[in-house]
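Participant: In order, the protein sequence lines correspond to chains D and Y. Quick note, the first sequence lines up with residues 6 to 385 if you use this note's numbering. Quick note, the second sequence lines up with residues 6 to 385 if you use this note's numbering.
Among these hints, one or two may not hold up.
Note that identical chains are pooled: a pair holds if it fits in a single copy or bridges any two copies.
Stated by the list, open to error - Taking lysine to aspartate or glutamate and the EDC-like style, the derived pairs with C-alpha atoms no more than 20 Å apart in a straight line are: (1) Lys370 with Glu122; (2) Lys192 with Glu23; (3) Lys275 with Asp259; (4) Lys370 with Glu39; (5) Lys275 with Glu118; (6) Lys275 with Asp260; (7) Lys97 with Glu254; (8) Lys85 with Glu118; (9) Lys85 with Asp316; (10) Lys192 with Glu254; (11) Lys192 with Asp31; (12) Lys126 with Glu195; (13) Lys97 with Glu309; (14) Lys275 with Asp144.
Honestly, the hints are just simulated from the structure, not real lab data.
The residues making up each chain are set out below.
Protein chains: 2
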Amino acid sequence: MSDSRLSTLPTPCLLVDEAKMERNIDRLANHAAELGVSLRPHLKTTKSVDAARYVLNPRNPAATVSTLAEAEVFARNGIKDIVYGVGIGLNKLERVLDLHRAGCRLTVLLDSEAQAEAVAKASREAGIAIPAMIEIDSDGHRSGLTPQDPILISVGRILHEGGAELAGVLCHAGESYFAVGREAQRKFAETERDAVVDAAAALRQAGLPCPTVSVGSTPTAHAAADLTGVSEMRAGVYVFFDLVMSGIEVCSVDDIALSVLTTVIGHQEKQGWLICDAGWMAMSRDRGTANQQVDQGYGLVCDENGVLIPDLMVAQANQEHGVIAVRSGSDATMPELPLGTRLRILPNHACATAAQHQRYHVIPKEPGAELVTWERFGGW
Amino acid sequence: MSDSRLSTLPTPCLLVDEAKMERNIDRLANHAAELGVSLRPHLKTTKSVDAARYVLNPRNPAATVSTLAEAEVFARNGIKDIVYGVGIGLNKLERVLDLHRAGCRLTVLLDSEAQAEAVAKASREAGIAIPAMIEIDSDGHRSGLTPQDPILISVGRILHEGGAELAGVLCHAGESYFAVGREAQRKFAETERDAVVDAAAALRQAGLPCPTVSVGSTPTAHAAADLTGVSEMRAGVYVFFDLVMSGIEVCSVDDIALSVLTTVIGHQEKQGWLICDAGWMAMSRDRGTANQQVDQGYGLVCDENGVLIPDLMVAQANQEHGVIAVRSGSDATMPELPLGTRLRILPNHACATAAQHQRYHVIPKEPGAELVTWERFGGW
């Protein structure tokens, strides 16, 4: 049965299932409430003011962003409590100050004395105490100081005594994306919690303040069972979920709220291929499931209504061509999908796929209601 | 020595070296002239009206595009002879006709009777003979009919007798991207040429016209030594080149005209890592060199002036973090690159990296001249 609401959309384009998105949002909001921590959603996945309205707490719209461009757009739209969750570049401090002058409390992140000194100096010169959190490393994933690193205290002291605001500590257990299953992810959640709690204790023992103790990644946020000592958690991709997240069992494939609508534009019967107009430009080059237990190629294939077609996947992608095939080793047969058939592709990585598009076409939860368009933005 | 022109650019951002770009453009233009074929550049790499002005022949601005959005933008900017080089979707014919009504000769591509019938029907109903080329397959890469396929003649006949315009045959030797070195690529160029020349002969023998005989991919376009029977060639990524192209020896690393300007935002000395603000959002997730002889990670690292730093690469990428490290197995040492240092990253795949950005910052060939901005666009 064809969905007439989708038939006039140009392809490829991005679809959001509002009901699934709300279910995902509620799930983590409830879990955060059970754990007694506030939630500071990461808006880097959706990059949309419309989507942000769903995910933020209207009474306390606290957000995380990955670029200053996001902070600037969201601040203009009334979101005034933002953590910029990437180590602050020394070339970005003027824009940070401009956001403060515009009434946005933007908190920066850092893990070195040189950054702390630059933030303190900029704070003094501008007469604005820039809030800064110290990044803590719990798993060797990327950035941050270990809780035992003596630099932690000196960074805290430079901020606190130098004119900036020592706002707390923040950790992101990025290695949890490679942990399969709730139990493995819970261990990462515990390590993440222990790292920030220890860091906060070290700062406080040195006579320094540490009001906010922040943890988060989508896997650890969902798996955490005890966040004693933590004040807030962050997560981003949970709003949409994706095949990487279902591959490590944070969600089911049925929870994935984001898909790419595509049209069949060719057949190569000898090869067993169907060609569609969702190539890597529409799906992104993200192959995040390549090293998981089940490689999902460039995405799983659903019919127009979002019902999974067994063992069909986007096996290859060129810029504007997706090559759909039956999963290697499967005895499923390619169904008859004539030219012009519309399909939906579930993405490996929602952040990367959404970034390839300029807008979302949202299928409302009310059956039969008209589609809604949400604009999204990019850039830095 | 720091380049003051770059010091005010926000990072990450996209840089174009105008001198290298012109050198690349001239190289292929000269080669096409030597071979006696016209050149129909593919504008999918640059997606910029400003860049198109460099690459198109001002007396005969014939272009190839990968989306109807490209065709629409370029048509509005005076480019009226465009081949849409992706198999036409049955849902896209109304936009094709609108382009014709706006004075653009847009040629579509197809490889099936069903597409030919739809194009012929749309032509008759609109009173506009839509030009269509038949896609020929020379290497099993993706789409197209083999020259021997009897469907070729029936597709040609449906177009020619049904009210459309049979404009010719077109082949893209996509497998040539995996052929290393001039000799291997020349074999692909010969196979590509033979396929279209045979297909054109088959059509003509059946009493059908075949005015245009088109070949092209960046590797085969550069390697071709004899294009007898061919009328035009197409190529796209050659304007910028990239690490995938240098990896198969179509160009040298020094020819790469596109780079991402980034700032050092952190150090993890124990890991031997330097963190920069060019993550996969700035570089794309394209790992096209992963299966080449030399894996270049997410890109090679140059200083701010574009001089390669030996054995330094973006070894990992998160959304807004690039992790720079010395190439595994190298005995090079990480140079001292303090916080705030600006670097340039050469990309794996120029089409994919450029697509992550909204504009180019062009370094003019005149020494010391001010930077120029070229806007680019995306979407479908």
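Participant: If a hint holds in the structure, say so; if it does not, say that too.
Facilitator: Structure-based check of all given hints:
1. Lys370 with Glu122: Close neither inside one copy (50 Å) nor across copies (38 Å); limit 20 Å.
2. Lys192 with Glu23: Cα proximity of Lys192 and Glu23: none, with 32 Å in one copy and 52 Å across.
3. Lys275 with Asp259: Neither way: Lys275 and Asp259 sit 32 Å apart in one copy and 42 Å across, limit 20 Å.
4. Lys370 with Glu39: neither (26 Å within a copy, 61 Å between copies)
5. Lys275 with Glu118: between (62 Å within a copy, 17 Å between copies)
6. Lys275 with Asp260: Neither: 35 Å inside a copy, 39 Å across copies.
7. Lys97 with Glu254: neither (38 Å within a copy, 39 Å between copies)
8. Lys85 with Glu118: Neither: 27 Å inside a chain and 58 Å across chains, both beyond 20 Å.
9. Lys85 with Asp316: Intra 45 Å, inter 43 Å, cutoff 20 Å: neither.
10. Lys192 with Glu254: within (15 Å within a copy, 47 Å between copies)
11. Lys192 with Asp31: Neither: 24 Å inside a chain and 58 Å across chains, both beyond 20 Å.
12. Lys126 with Glu195: neither (36 Å within a copy, 64 Å between copies)
13. Lys97 with Glu309: Cα proximity of Lys97 and Glu309: across copies only (18 Å, versus 44 Å in one copy).
14. Lys275 with Asp144: between (48 Å within a copy, 13 Å between copies)
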